[in-house]
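K.L.:
Residue-level listing of the chains:
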Amino acid sequence: MLKKIFWIYGKDLREEFKALHNLLLMVVFALLLVFVFSLSINVSPTASQKIYPVYLWVIFLFTSTIGLSYSLDKERDQDALDALLLATGEWYSIFFGKFLTNLTLLCLVEIVVVPVYLIFLDFRGTLNIQILFLNLLLGSIGLTLVGTLLHAINLQMNGRQILLPILYFPIVIPLLIAVSQSLGIALGNSGNLQLWLSLMIIYDLIFTIIPLTIFDFVMEV
Amino acid sequence: MFRKVVVQNLEKKIGNRIIISDVNLKVNSGDLLVITGPNGAGKTTLLRLIAGLIRKSNGEVLLDDKSYIPAISDLSRQIGYLGHRPMIYTGLTAYENLSFFGKMYQIENKSRIESLLSKVGLYFYRHHLVDTFSRGMMQRLGLARTLLHDPTLILYDEPFTGLDPEGQGLFRTTVRELQEAGKIQILTTHNPDYLQGLLICEVKLNLGQVIEVIQRSC
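The listed protein sequences correspond, in order, to chains A and B. Residue numbering for the first sequence follows this note's numbering, starting at 4 and increasing by one per position. Residue numbering for the second sequence follows this note's numbering, starting at -17 and increasing by one per position.
Read the hints as simulated data drawn from the structure, not as lab findings. Just so you know, not all the hints are guaranteed correct.
To be verified - Covered by chain B, according to a simulated footprint, are these stretches of chain A (three or more residues, beta-carbon under 8 Å):
#1 57 to 68
#2 75 to 81
#3 85 to 99
Unchecked claim - Not everything, but these chain B residues come out facing chain A in the computed CB check (under 7 Å):
#4 Met69
#5 Gly73
#6 Met86
#7 Tyr87
Cβ atoms here follow ideal geometry from the backbone N, Cα and C, with glycine treated the same way.
This is chain A alone, in the form it adopts within the complex (with noise of 0.2 Å):
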């Protein structure tokens, strides 16, 4: 299962690389978003530091959206889905290869994304590069196995794009205020670090086993 979930994604990442449109897409449309969010926020330096972490996972939610919608949807473009579900015989590959594609993509947004977003709104605070890191990573992985999973869900009930923000924005809630806030103490705010990273941990592991209880229902229908 390990080989074939590594085959398919690097199959998607050789079509990401040579066309770039999905991740050029998913850069522009998040620095749009800094953009958009350095000329709106006029608030205190107090403030700001409260608001910072829930912009830049704001901004990381939204460009998500676009990178899940491309990834299961080229699958769909000839039906080559149906070849390779008959290919591998099961789904657990398929969404794990789909899993790690979104969460390169989001990480490599997010490489681009902060630094930018830190100098945009004038950060002049102390940055703990360690829980920084963390705080990307757990998040960035709950975010794309939610998505992930939705977004085959939302395949399957021809919904295509509309539905999916609809199911994934309140699922990742609980995981949007945990990551705010650890980043926020990344960002030098105060608050209990290990709470919140034990509850990515917990909601990175529920949806983790979530799919694979349920992904075979999801896609047989």
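We have chain A already, so just place chain B on it with the hints.
P.N.:
Quick look at chain B alone, frame taken from chain A:
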């Protein structure tokens, strides 16, 4: 490798609507079963049910008397399926497509890929992006993808879509060769005239039911 496919009392409902109702079929090694019928007759659904791509409501698909449950079965890897659309990736080249599916079937064999590309007339275009292909070329590549892993059961859904006369001839020749090789083939079409010269058995489907068995040679 299995030698016969039996469909028993197959039924598919979506809500209260019956899409496929009580279909019974038996196809042996070397047989070509052609399913005809008007639009909406349920041809594609029947084929997808046999392939295990959608869940059946009732009935059985038996491959050599073994019930076929796709999600937990390696049997799906013995099925080749060519749909309305060629089931390939337009962002990859023809060669990359076959190489990827070859990996999934664990048959990374360069000569097999190249011979299939030659067979379907795409060898010259093997390193071209599929995105630049015409509809007929994509369908040819779809045929190569379908046959890549030497499947036992081959399902074709309106396979002539987009094929020029040369492509149609190539397809007929391929089907004949596969019949001689003892493969089980099931094909849906609006127009069985495309299959002139081939030994077929034909069933007519309408509103999800078999209404006529035209040639009972299967």
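K.L.:
If a hint holds in the structure, say so; if it doesn't, say that too.
P.N.:
Status of each hint after checking the structure:
| no. | hint | result |
| --- | --- | --- |
| 1 | 57 to 68 | violated (count 0) |
| 2 | 75 to 81 | holds (count 3) |
| 3 | 85 to 99 | holds (count 10) |
| 4 | Met69 | holds (4 Å) |
| 5 | Gly73 | holds (4 Å) |
| 6 | Met86 | holds (4 Å) |
| 7 | Tyr87 | holds (6 Å) |
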